[in-house]
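Protein chains: 4
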Amino acid sequence: MTTTQRVGVWFHGARGSVATTAICGLLALRAGLTAPTGVVTEQLGLPDGVLPGWDDLVLGGQDVSTVPLRKRAAQLTDDGVLPARLLAALESQLDEVEPWIVHGYRPTGPDESILDGVRRTAAAITEFRQANGLERVVVVNVSSTEPIFPARPEHDDLARLRAAIEQPGDEVLPPSSVVAYAAITAGCGYVDFTPSAGIRLPALRAYAALRGVPYAGSDGKTGETLLRTVLAPMFAERAFAVRSWAGTNLLGGGDGANLADPERAGGKLESKRRGLAALLGPGVTAPLHIDNVPDLGEQKIAWDHVSFEGFLGSRMSLQFTWTGCDSALAAPLVLDLARLTLAAQRAGQAGALTALAAFFKDPLGADEHRFAEQMRHLREWAGELGAGR
Amino acid sequence: MTTTQRVGVWFHGARGSVATTAICGLLALRAGLTAPTGVVTEQLGLPDGVLPGWDDLVLGGQDVSTVPLRKRAAQLTDDGVLPARLLAALESQLDEVEPWIVHGYRPTGPDESILDGVRRTAAAITEFRQANGLERVVVVNVSSTEPIFPARPEHDDLARLRAAIEQPGDEVLPPSSVVAYAAITAGCGYVDFTPSAGIRLPALRAYAALRGVPYAGSDGKTGETLLRTVLAPMFAERAFAVRSWAGTNLLGGGDGANLADPERAGGKLESKRRGLAALLGPGVTAPLHIDNVPDLGEQKIAWDHVSFEGFLGSRMSLQFTWTGCDSALAAPLVLDLARLTLAAQRAGQAGALTALAAFFKDPLGADEHRFAEQMRHLREWAGELGAGR
Amino acid sequence: MTTTQRVGVWFHGARGSVATTAICGLLALRAGLTAPTGVVTEQLGLPDGVLPGWDDLVLGGQDVSTVPLRKRAAQLTDDGVLPARLLAALESQLDEVEPWIVHGYRPTGPDESILDGVRRTAAAITEFRQANGLERVVVVNVSSTEPIFPARPEHDDLARLRAAIEQPGDEVLPPSSVVAYAAITAGCGYVDFTPSAGIRLPALRAYAALRGVPYAGSDGKTGETLLRTVLAPMFAERAFAVRSWAGTNLLGGGDGANLADPERAGGKLESKRRGLAALLGPGVTAPLHIDNVPDLGEQKIAWDHVSFEGFLGSRMSLQFTWTGCDSALAAPLVLDLARLTLAAQRAGQAGALTALAAFFKDPLGADEHRFAEQMRHLREWAGELGAGR
Amino acid sequence: MTTTQRVGVWFHGARGSVATTAICGLLALRAGLTAPTGVVTEQLGLPDGVLPGWDDLVLGGQDVSTVPLRKRAAQLTDDGVLPARLLAALESQLDEVEPWIVHGYRPTGPDESILDGVRRTAAAITEFRQANGLERVVVVNVSSTEPIFPARPEHDDLARLRAAIEQPGDEVLPPSSVVAYAAITAGCGYVDFTPSAGIRLPALRAYAALRGVPYAGSDGKTGETLLRTVLAPMFAERAFAVRSWAGTNLLGGGDGANLADPERAGGKLESKRRGLAALLGPGVTAPLHIDNVPDLGEQKIAWDHVSFEGFLGSRMSLQFTWTGCDSALAAPLVLDLARLTLAAQRAGQAGALTALAAFFKDPLGADEHRFAEQMRHLREWAGELGAGR
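Those protein sequence lines, which keep their order, are chains L, F, X and Y.
FYI, the numbering for the first sequence is 1 to 389, going by this note's numbering.
FYI, the numbering for the second sequence is 1 to 389, going by this note's numbering.
FYI, the numbering for the third sequence is 1 to 389, going by this note's numbering.
FYI, the numbering for the fourth sequence is 1 to 389, going by this note's numbering.
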């Protein structure tokens, strides 16, 4: 099998900070202008050809915003994410990506059905694939976190869902799930980097299984939760009794404004809490906040305070402060996930890619939250991908 | 094989804070007065009988101090390590341990040889074993950290060492190594919880191999280094480029005063540094300090600041503050190590117990510093111990 | 004027943690069993006799709880506030205070008026004063923070308020204000250490002015806000542009549970915010949380993160973590405020004691929040008290 | 008195980071391209004309380096101190300053006397003043911190010093003191922003008094010490018993490399310690470190941990982390000090300007270390300067 076939990455939210950083980053890697720092797949030690190379990836996507990529990239430079020298060097390549970003899906009007939206989206992806001569395409959701979408019985039953999406005016799915549905319809692998509904709904997961496409999600693990899944296993292994684990997140940028809305934050807070309970059991007091602090820009700051009990009831504590650059943390993982999901699909895998749990706050199909164990699983799985060529 | 045989733990430094906490803790566990919080071996899920039970362990040891155990325990209560209710409940049991703590080894005078000291120490351990009808005894070094001992060619060659220790007045070994030599001579397993020379000298390790006794060390991993070996692998797995990792340790108690002496701190600082370099490679700026802050008493505080680079050269940081109770962190690990080494010897193992690396800053015979991997190794090894009965 | 006249301190919430700590602390100071660490009035350098001495203060109060003081004091020992040796030494003196703590005010039933409650409370205070031969009494509110009480037009007009409190079944005032009203009626000075309504209502302040009694409040400044009023002036003096000041408070004990109720926390969060805006102006993003973390007990932990801009737009930050013992921080200030308010009343002062602003998050009658300026004002005022004898 | 006379600022160390930032900052302020954030004198509320305006200041100086200002400014942009838009806007103005930066003083050879060096330096300053038609010039030391210079009896006696500096080959003074001597000789005010000997030597202070020139120093207070002098008074006012105050400083840039040399750090560590002892008394354990962490660049990070005792012996702690931009913190204070010293000289003041203590870690001629008190003194003094015109 040759490894030179070109493949595509279709961003849902292609003009957002994360996608723009991923696009600029890929272009910079391809041009040899930056090192693959923060790129997990580059340190797995896989033989060449197991994963698509930087030159093999073609970029496209959709967004409800129409701000040009050049302008979004310039904003990233102002925010300290993209070095000025890279902005200058990449502008013409950005112009080549620009035409492949189409208008994003918006909730349908009263005369349209969800199925109409699905078909339009699937058609755009297919057009992107055919026009660029791509072997396959992976769809990656990096759009803004949606408010929690009300549960519907159709979400649990593919047949009922199929019926509902044909009804004009019935908004049975949020945009993230419409795009996921379209991705499956177009035969594409799907990655959800956000806590939105996306492909989480059981009916969509059944649909993916039926169509034999792989998927992974959800909610990228880039900061506080990454540290929690690294540190909590230590408390368990050392038999410490964790009594409380309090957390505060200060976010600027669009994400901060978005998550200051308690409805939208709900999903993220829930997925963070689930992870901690899975690691430490149910009896830990764990207040958690996300605050919008616009002046921080792309910087995000997490403070966690852990109170625990040791031998003879002695009281001890650990606190940490994590200061990260939001989009720079997320973007390389997005590239990793795109490569890994494309390789999985090539290898014939379908359904939830549980080996990718290390990338997510709330890993679909996996119960393992311990980061070291997740990475071990990833290495084994990726090694088999390599061996199976 | 029955599991009811009694075994012994011989503390080198039996009246120190760590040993006294371990002794009180064991008595409290045996009496059901405290939970095994912080005891690693209790959460490994081993079948009964694989390890000696709390009732099977008989305590003794040696110390250059003669302060009674009751008084040392009362000091621990003042220092907030031992709850007052436990002190009151355990006093009579402490009196039963008291007679089995003998005068500690002191450097020999001009008319004595090191071998004289070895023989006296080995005789005391043997007397302890026989008088108590013990199947076997493990010797655990929890005495004060020694200054770095000058290297001697005899340290690398068992035959030359044997000759040297017969010479009156030739102090070829520090006390920690004399006791280790005696332990091997008496056929005992040996654990070094300190960074002193102890059994690290190649000649002593050769001697242990020759006599077929197991040993483990060195320098218990209880705080800052524990966190470093938990966190550093995350930076590596996520392909972050760590640029600097600065650390400051504030210690009170005897350990603080002891390690404020740069000569004595040297060993500990060295073992901390080796670990970080093993985890992150050689290019990381890593200033490290140990400060004596007497008012902190048994509390120890570590602050670490990690500066790292992510995707596109973005600069990020992590800092943590660990506030722990020194003896309460160390004591349960000492009990763990005693149980595991006794079980290893029963199972016929000899030489460096590399499976115990998770307990040490500077694991003898092992290159693995990543805590999660170390724990996985420990679990596998302990599982085999259990299966092999 | 002689200085040997005895005076009284009447605690509203006399069986709470703060009052019990203040009571035990005063008894310990009187007995010479503890140093006046944390007592501001002892380091002002005032001549003897300006303030009532520890021997001159007689203690009493009211509480809706009936748990005996001995039991509350034992709880403080368990919580690490009161050393065990003091508990043992003070038990008999606690028994002498016990009879002077009467049943606390509870909201009146449909057949009673607020005035009935006022009269009963005032009578209890007067009985306490007369029976003990006290020159005067100060009433100090250290009861649990009340939920925000709905505004009523009567709160702003003394005549209307007087009419309303005569109506049976009209709960026009919360308990804290009933007790404040009673204190004024009994001719007592009044201190509000909580953010409850207390004496803050304009009608009550008018009543205090009319009756010529002094008062001070509100909401004791013991931790995060203390640091904010110390640090914020530095940012202003150095012309830094503070962009955000985020805060998280972790509280255990009764206060944590109480303030986890957003209605009750409302008052405290408001007073904290007012202070920050007064110090730094209106444009600072300042998210603030109070979390209930029961396992912390009497410990309270505050983490603040300040993001600011310096010369040429450079971005910098300050973060701090304050770990304090709640009741041990509050109790000495309660003793300070009692002494100072008693001395002010003796000196003929009435109305808001603005010189006591340094003690409060939300100082009544004062606009100054800068701690250093507040302390300067206190020193000048206290010096005049001394000079005026 | 008109206010339009032009005055000069002569930097000793004119091509260093602090001087270059001050130069660029002044040019940006003059051009209205930046706000005076971080400039203390702009928030004192002084009437126009009390201090020299940004347009009145003419810049010059000396440096042993010959790297052009443009290049140094570009380095500051790379280090994140100087925004790229300012660098572009200021380049031509930098070229106007360039010719007024002369070769710096280097230790004399065996055939030269210190006096020769003094004369050359004084001549260069005088030439700068005359050629630019300046009313007066202030000399500001912002060169690298010198190693501690060995004490000499001549340092305490002006007559003996005068004799010694005439001896060829006798290096009786370090370069900082040679430049200070030259400044006085040229009739200039002098500011020492470093902990070097500079004008601290009693003989030089006597010389300044004799010649009637004002001076201020030493060692600019920009980070950890600033916070200490803000926080320590709070502990004193609240009667807390501080037991330990540990500090760690992580510095990159030239300052980090320089201060990693224990000899050079000695001066700074000493001045930091003196301040803490002055604020809290002698019994506080106060370990203090300065670490060179090159990857931090212009960022400097200080972590302080304060352990203190409150009421009834309760143990509490405060810790803070300060993350600042070194040159951006220092540069506006350098401009402040230049303006204030020029105004003081115009007003006829001579000797140590104790009113400027707020700017220094080790204020010459002043015992007051409390920042709030220092600022009050500064405001009063500056107000009198304004009134006296």
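Just so you know, these hints were derived from the structure itself, not from any lab.
These numbers come from a predicted model, not from an experiment.
Check before you lean on any hint, since a few could be wrong.
[Stated by the list, open to error] Covered stretches of chain L (in silico footprint by chain F; criterion: 3 or more residues with CB under 8 Å from a CB of chain F, positions within the stretch not fixed): (1) 238 to 249; (2) 308 to 319.
[Unchecked claim] Each pair of labels, with its calculated beta carbon distance range: (3) Gly383(L) / Gly45(F): 55 to 63 Å; (4) Ala387(Y) / Ala257(X): 53 to 61 Å; (5) Pro153(X) / Glu263(L): 49 to 57 Å; (6) Glu127(L) / Gly45(F): 53 to 61 Å; (7) Asp116(L) / Ala257(X): 35 to 43 Å; (8) Asp367(Y) / Pro47(X): 20 to 28 Å.
Glycine residues also receive a C-beta, built at the ideal position from the N, C-alpha and C atoms.
In rising order, the numbers of the hints this structure does not comply with: 3, 5 and 7
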